[in-house]
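**Q** If you want the building blocks of each chain, they are given just below.
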Amino acid sequence: MIGILIMTLIAFILSIILVIIYDKTIEKPNKYLKYLPGYNCGACGFGSCKGMSEAMEKDIMHYKKCRPLKGEALQKMEEMVCQQIGK
Amino acid sequence: MNLIHLFLVSFLTENIVLTKFLGICPFVGTSSKEKSAAGMGGAVTFVVTISGILTYLLYHYVLVPTDTVYLKTLLFVLVVACMVQIIEMVIKKWNPKLYQNLGIYLPLITTNCAVLGILLLNITNQYSFLEMLTYCIGSSLGFTAVIYTFATIREQLEKRDVPEYWKGYPIAFITVAIMSLLFSRYL
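Line by line, the protein sequences give chains A and B. For the first sequence, this note's numbering assigns the number 94 to the last residue and increments by one with no breaks. For the second sequence, this note's numbering assigns the number 324 to the last residue and increments by one with no breaks.
Among the clues, some could well be false.
Calculated pairs, DMTMM-like style, for lysine to aspartate or glutamate (alpha carbon to alpha carbon, straight line, at most 25 Å) [unchecked claim]:
# : chain 1 : residue 1 : chain 2 : residue 2
1 : B       : Lys-229   : A       : Glu-79
2 : B       : Lys-234   : A       : Glu-61
3 : B       : Lys-234   : A       : Asp-30
4 : B       : Lys-229   : A       : Glu-86
5 : B       : Lys-230   : A       : Glu-34
6 : B       : Lys-229   : A       : Glu-34
7 : B       : Lys-234   : A       : Glu-34
8 : B       : Lys-230   : A       : Glu-61
Rather than coming from a laboratory, the hints here were simulated on the basis of the structure.
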């Protein structure tokens, strides 16, 4: 009986350690990437939409450099930027 | 003095691969390239040292007082598996190329008998904490040194003119046999 308890306890502790390390090492998807058009045209000067989204993490106003961003997509992006600045 | 002696014995004369014949699968599997051999050695060294400390503490402060020593094999496998998962995540994050080179052999450290063998020998030989640490580091560095040497030899062998039916694994195994004789002082 005590053997089962010990194994369960140790397995539980080890799994918590694993979850913590997994959470720290996994690459989280960039939150700005889904608002960008995804053409990877490079007109912004950052090479691709991924580069742009990484640049936006440093300075959010970089979104103005995205040329294909028009109409509804631009509106959504601006709403999101306003929310971010508001925070 | 005793510790230096133990280190040298575990590193050279009682080498885990060449005299105890443990961990042959990753030894042959990942030794075709120098870099993956060094990566494998590093990963094994890390896993053995950390899980050696953990299993020693768990064995002496949890299993012995509660009289559940029979759990040791199960518990050691659990700790090793956990450590391998951690190192897999870390290598995937920091060195994706090494991760690709090691391929299936990285998660297979879990079932690498050299790792479990060292941990169980620590207990069987009744080492103290420092002796255990020396033995773990010595054995795993011995594994690294041998696998790296073997990888360099295999890289050179590929350029040499080897008879057709000896190419690949046969000549590699003959090389291991000669190395084994050298390490156990028969030559």
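**Q** Each hint: holds or not?
**A** Status of each hint after checking the structure:
In summary, the hint linking B:Lys-229 to A:Glu-79 is not supported, as the alpha carbons are separated by about 38 Å, beyond the 25 Å threshold. Distance hint between B:Lys-234 and A:Glu-61 is fulfilled; the C-alpha atoms sit about 23 Å from each other, no more than 25 Å. Taking the CA atoms of B:Lys-234 and A:Asp-30, the gap is about 21 Å. The hint holds against a cut of 25 Å. At roughly 36 Å between alpha-carbon atoms, B:Lys-229 and A:Glu-86 are farther apart than 25 Å, so this suggested pair is violated.
Between B:Lys-230 and A:Glu-34, the direct Cα distance comes to roughly 8 Å. Compliance with the 25 Å bound is thereby established for this hinted pair. Between B:Lys-229 and A:Glu-34 the alpha-carbon distance is near 10 Å, which keeps this suggested pair within the 25 Å criterion. This hinted pair checks out: B:Lys-234 and A:Glu-34 have alpha carbons roughly 16 Å apart, not beyond 25 Å. Straight-line distance between C-alpha atoms of B:Lys-230 and A:Glu-61 comes to about 18 Å, which keeps the hinted pair within the 25 Å bound.
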